[in-house]
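Visitor: Based on the sequences and whatever the hints tell you, model everything.
Numbering of the sequence shown is given in my numbering, commencing with residue -4 and proceeding in unit increments.
Since the hints were derived computationally from the structure, they do not count as laboratory data. Everything numeric in this text was worked out from a predicted model, so none of it was measured. It is possible that some hints are incorrect.
[Said to hold, decoys possible] In silico EDC-like pairs for lysine to aspartate or glutamate, Cα to Cα no more than 16 Å straight-line:
(1) 107 with 26
(2) 183 with 22
(3) 183 with 26
(4) 103 with 93
(5) 103 with 65
(6) 89 with 37
(7) 89 with 38
(8) 107 with 65
(9) 103 with 66
(10) 183 with 148
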Amino acid sequence: MKKSINVAVIYYSMTGNNSQFARWAAESAREEGAGVRLLKIDDMRTPDEKNPAWVAEHERSRDVPAATSDDLVWADAIVFCYATRYGGLAAPMKSFIDQQGAVWSQGKLVDKVVTGITSAMNPHGGQEMALLNLYISMAHWGAIPAFPGYTHDAFSEAGGNPYGTSTTVGPGITPGDEAKAAIVQQVKRAIDIAARLKAGSADR
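Guide: In C-alpha coordinates, the structure reads:
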(Lines of atoms letter the chains of each structure in order from A and count residues from 1; the text may use other names and numbers.)
(Lines give C-alpha, C1' and ligand atoms only; values in the text may rest on other atoms or scores of the structure.)
Protein backbone atom coordinates (compact mmCIF):
# COMPACT_ATOMS: atom_id res chain seq x y z
CA MET A 1 0.00 0.00 0.00
CA LYS A 2 2.75 2.47 0.91
CA LYS A 3 4.47 1.88 -2.42
CA SER A 4 1.69 3.88 -4.10
CA ILE A 5 2.36 6.97 -1.97
CA ASN A 6 4.14 9.94 -3.52
CA VAL A 7 6.12 12.20 -1.20
CA ALA A 8 7.40 15.67 -2.04
CA VAL A 9 10.15 16.81 0.31
CA ILE A 10 10.45 20.58 -0.15
CA TYR A 11 13.10 22.62 1.62
CA TYR A 12 14.48 26.10 1.95
CA SER A 13 17.93 26.14 3.49
CA MET A 14 20.28 29.08 3.75
CA THR A 15 23.29 27.40 5.35
CA GLY A 16 22.59 23.69 4.97
CA ASN A 17 20.78 22.53 8.09
CA ASN A 18 17.35 22.23 6.53
CA SER A 19 18.69 20.70 3.34
CA GLN A 20 20.20 18.01 5.58
CA PHE A 21 16.80 17.52 7.25
CA ALA A 22 15.23 17.22 3.82
CA ARG A 23 17.72 14.59 2.72
CA TRP A 24 17.05 12.57 5.86
CA ALA A 25 13.33 12.90 5.19
CA ALA A 26 13.71 11.80 1.56
CA GLU A 27 15.84 8.83 2.62
CA SER A 28 13.20 7.78 5.15
CA ALA A 29 10.44 8.02 2.54
CA ARG A 30 12.40 5.92 0.06
CA GLU A 31 12.99 3.27 2.72
CA GLU A 32 9.21 3.12 3.13
CA GLY A 33 8.88 2.39 -0.59
CA ALA A 34 7.36 5.76 -1.50
CA GLY A 35 7.93 7.68 -4.68
CA VAL A 36 10.05 10.67 -3.66
CA ARG A 37 10.89 14.08 -5.09
CA LEU A 38 13.54 16.07 -3.23
CA LEU A 39 12.96 19.73 -4.12
CA LYS A 40 14.27 23.12 -3.10
CA ILE A 41 12.96 26.65 -2.80
CA ASP A 42 15.38 29.09 -4.37
CA ASP A 43 16.79 32.08 -2.52
CA MET A 44 15.11 35.40 -3.16
CA ARG A 45 18.49 37.10 -3.47
CA THR A 46 22.04 36.21 -4.42
CA PRO A 47 24.05 34.57 -1.62
CA ASP A 48 26.37 37.02 0.12
CA GLU A 49 30.04 36.11 -0.24
CA LYS A 50 30.56 37.36 3.31
CA ASN A 51 28.58 34.31 4.44
CA PRO A 52 30.60 31.29 3.23
CA ALA A 53 28.04 28.79 4.56
CA TRP A 54 25.31 30.41 2.46
CA VAL A 55 27.48 30.31 -0.66
CA ALA A 56 28.42 26.69 0.01
CA GLU A 57 24.79 25.62 0.44
CA HIS A 58 23.82 27.45 -2.75
CA GLU A 59 26.44 25.45 -4.65
CA ARG A 60 25.55 22.18 -2.91
CA SER A 61 21.90 22.52 -3.91
CA ARG A 62 22.55 23.68 -7.47
CA ASP A 63 21.42 20.39 -9.03
CA VAL A 64 18.31 19.96 -6.85
CA PRO A 65 15.15 20.80 -8.84
CA ALA A 66 13.08 23.78 -7.74
CA ALA A 67 9.64 22.93 -6.36
CA THR A 68 6.60 23.71 -8.51
CA SER A 69 2.84 23.55 -8.18
CA ASP A 70 2.89 20.34 -10.22
CA ASP A 71 4.97 18.69 -7.51
CA LEU A 72 2.32 19.53 -4.91
CA VAL A 73 -0.44 18.12 -7.10
CA TRP A 74 1.59 14.94 -7.69
CA ALA A 75 2.27 14.34 -4.01
CA ASP A 76 0.10 12.46 -1.54
CA ALA A 77 2.27 13.68 1.33
CA ILE A 78 4.38 16.83 1.57
CA VAL A 79 7.27 17.42 3.96
CA PHE A 80 8.30 21.06 4.37
CA CYS A 81 11.75 21.79 5.86
CA TYR A 82 12.58 25.43 6.49
CA ALA A 83 14.30 27.86 8.81
CA THR A 84 12.41 29.87 11.40
CA ARG A 85 12.38 33.62 10.77
CA TYR A 86 10.95 35.91 13.46
CA GLY A 87 8.64 33.14 14.60
CA GLY A 88 7.38 32.40 11.10
CA LEU A 89 8.40 30.67 7.90
CA ALA A 90 11.47 31.90 6.06
CA ALA A 91 10.34 34.31 3.33
CA PRO A 92 11.20 32.08 0.33
CA MET A 93 9.11 29.22 1.74
CA LYS A 94 6.20 31.52 2.62
CA SER A 95 6.36 33.04 -0.87
CA PHE A 96 6.18 29.58 -2.47
CA ILE A 97 3.10 28.71 -0.44
CA ASP A 98 1.51 32.05 -1.27
CA GLN A 99 1.95 31.35 -4.99
CA GLN A 100 -0.28 28.26 -4.94
CA GLY A 101 -3.55 30.11 -5.48
CA ALA A 102 -4.22 28.55 -8.88
CA VAL A 103 -4.01 24.92 -7.74
CA TRP A 104 -5.67 25.78 -4.41
CA SER A 105 -8.67 27.35 -6.15
CA GLN A 106 -9.10 24.18 -8.22
CA GLY A 107 -9.19 22.02 -5.08
CA LYS A 108 -5.97 20.23 -6.03
CA LEU A 109 -4.40 20.61 -2.59
CA VAL A 110 -7.28 19.15 -0.61
CA ASP A 111 -6.41 16.14 1.59
CA LYS A 112 -2.67 16.42 1.03
CA VAL A 113 -0.94 15.08 4.14
CA VAL A 114 1.49 17.74 5.31
CA THR A 115 4.16 17.78 8.00
CA GLY A 116 6.74 20.41 8.90
CA ILE A 117 10.33 20.46 10.16
CA THR A 118 12.17 23.60 11.22
CA SER A 119 15.20 25.04 13.02
CA ALA A 120 16.33 28.22 14.74
CA MET A 121 19.49 29.50 16.39
CA ASN A 122 18.08 29.16 19.91
CA PRO A 123 15.47 26.97 21.62
CA HIS A 124 13.02 29.85 22.06
CA GLY A 125 13.44 31.46 18.68
CA GLY A 126 9.91 30.73 17.52
CA GLN A 127 10.27 27.13 16.39
CA GLU A 128 6.80 26.08 17.55
CA MET A 129 5.21 29.20 16.06
CA ALA A 130 6.96 28.61 12.73
CA LEU A 131 5.35 25.17 12.52
CA LEU A 132 1.94 26.40 13.65
CA ASN A 133 2.08 29.15 11.03
CA LEU A 134 2.65 26.49 8.37
CA TYR A 135 -0.40 24.55 9.51
CA ILE A 136 -2.55 27.69 9.47
CA SER A 137 -1.83 27.96 5.75
CA MET A 138 -2.46 24.25 5.33
CA ALA A 139 -5.91 24.65 6.91
CA HIS A 140 -6.81 26.92 3.98
CA TRP A 141 -5.65 24.22 1.58
CA GLY A 142 -7.86 21.63 3.27
CA ALA A 143 -4.71 19.61 3.91
CA ILE A 144 -4.32 17.00 6.67
CA PRO A 145 -1.58 17.81 9.23
CA ALA A 146 0.60 14.88 10.27
CA PHE A 147 1.58 15.98 13.77
CA PRO A 148 4.20 13.74 15.39
CA GLY A 149 2.75 14.35 18.84
CA TYR A 150 4.37 11.96 21.29
CA THR A 151 3.69 8.85 19.26
CA HIS A 152 7.32 7.66 19.31
CA ASP A 153 10.18 8.00 21.80
CA ALA A 154 12.29 9.65 19.09
CA PHE A 155 10.15 12.77 19.22
CA SER A 156 10.67 13.27 22.94
CA GLU A 157 14.38 12.53 22.64
CA ALA A 158 14.70 15.23 19.95
CA GLY A 159 13.14 17.90 22.17
CA GLY A 160 9.49 16.97 22.41
CA ASN A 161 7.93 19.37 19.91
CA PRO A 162 4.51 17.82 19.13
CA TYR A 163 4.03 19.93 15.99
CA GLY A 164 7.12 18.70 14.15
CA THR A 165 10.81 18.08 14.60
CA SER A 166 12.60 21.31 15.49
CA THR A 167 16.23 21.79 16.33
CA THR A 168 18.59 24.44 17.63
CA VAL A 169 21.38 25.11 15.16
CA GLY A 170 24.04 27.75 14.68
CA PRO A 171 27.80 28.25 14.67
CA GLY A 172 29.29 25.11 16.14
CA ILE A 173 25.85 23.53 16.70
CA THR A 174 24.75 21.02 14.10
CA PRO A 175 21.78 18.63 14.12
CA GLY A 176 22.60 15.24 15.57
CA ASP A 177 21.33 11.69 15.68
CA GLU A 178 18.30 12.61 17.78
CA ALA A 179 17.05 15.00 15.10
CA LYS A 180 17.61 12.43 12.36
CA ALA A 181 15.74 9.73 14.27
CA ALA A 182 12.80 12.06 14.88
CA ILE A 183 12.66 13.12 11.22
CA VAL A 184 12.72 9.49 10.09
CA GLN A 185 9.78 8.67 12.35
CA GLN A 186 7.89 11.84 11.42
CA VAL A 187 8.09 10.99 7.73
CA LYS A 188 7.01 7.40 8.38
CA ARG A 189 4.00 8.73 10.27
CA ALA A 190 3.06 11.08 7.41
CA ILE A 191 3.32 8.25 4.88
CA ASP A 192 1.23 5.96 7.07
CA ILE A 193 -1.52 8.58 7.37
CA ALA A 194 -1.41 9.25 3.62
CA ALA A 195 -1.61 5.52 2.87
CA ARG A 196 -4.63 5.07 5.13
CA LEU A 197 -6.33 8.08 3.61
CA LYS A 198 -5.67 6.88 0.09
CA ALA A 199 -6.85 3.36 0.86
CA GLY A 200 -10.02 4.72 2.41
CA SER A 201 -10.73 6.87 -0.64
CA ALA A 202 -10.30 3.86 -2.93
CA ASP A 203 -12.83 1.87 -0.91
CA ARG A 204 -15.58 4.46 -1.26
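Visitor: All hints are to be evaluated individually against the structure, with a verdict given for each.
Guide: Here is what the structure says about each hint:
For a cut-off of 16 Å, the pair hint linking residue 107 to residue 26 is broken: about 21 Å separates their Cα positions. Using a Cα cut-off of 16 Å, the hinted pair residue 183 and residue 22 holds, with the two alpha carbons roughly 11 Å apart. Among the hinted pairs, residue 183 with residue 26 is consistent with the structure: their alpha-carbon atoms are about 9 Å apart, no more than 16 Å. Straight-line distance between C-alpha atoms of residue 103 and residue 93 comes to about 15 Å, which keeps the hinted pair within the 16 Å bound.
The suggested pairing of residue 103 with residue 65 holds, with an alpha-carbon distance near 10 Å, which does not exceed 16 Å. Proximity of residue 89 to residue 37 is assessed by CA-CA distance (about 12 Å); at most 16 Å being required, the pair is judged to hold. The suggested pairing of residue 89 with residue 38 holds, with an alpha-carbon distance near 12 Å, which does not exceed 16 Å. Among the hinted pairs, residue 107 with residue 65 is consistent with the structure: their alpha-carbon atoms are about 13 Å apart, no more than 16 Å.
As the CA atoms of residue 103 and residue 66 are separated by approximately 11 Å, the hinted pair is consistent with the 16 Å bound. A distance of roughly 14 Å separates the Cα atoms of residue 183 and residue 148; the hinted pair therefore holds under the 16 Å criterion.
In summary, the one numbered hint that this structure violates is 1.
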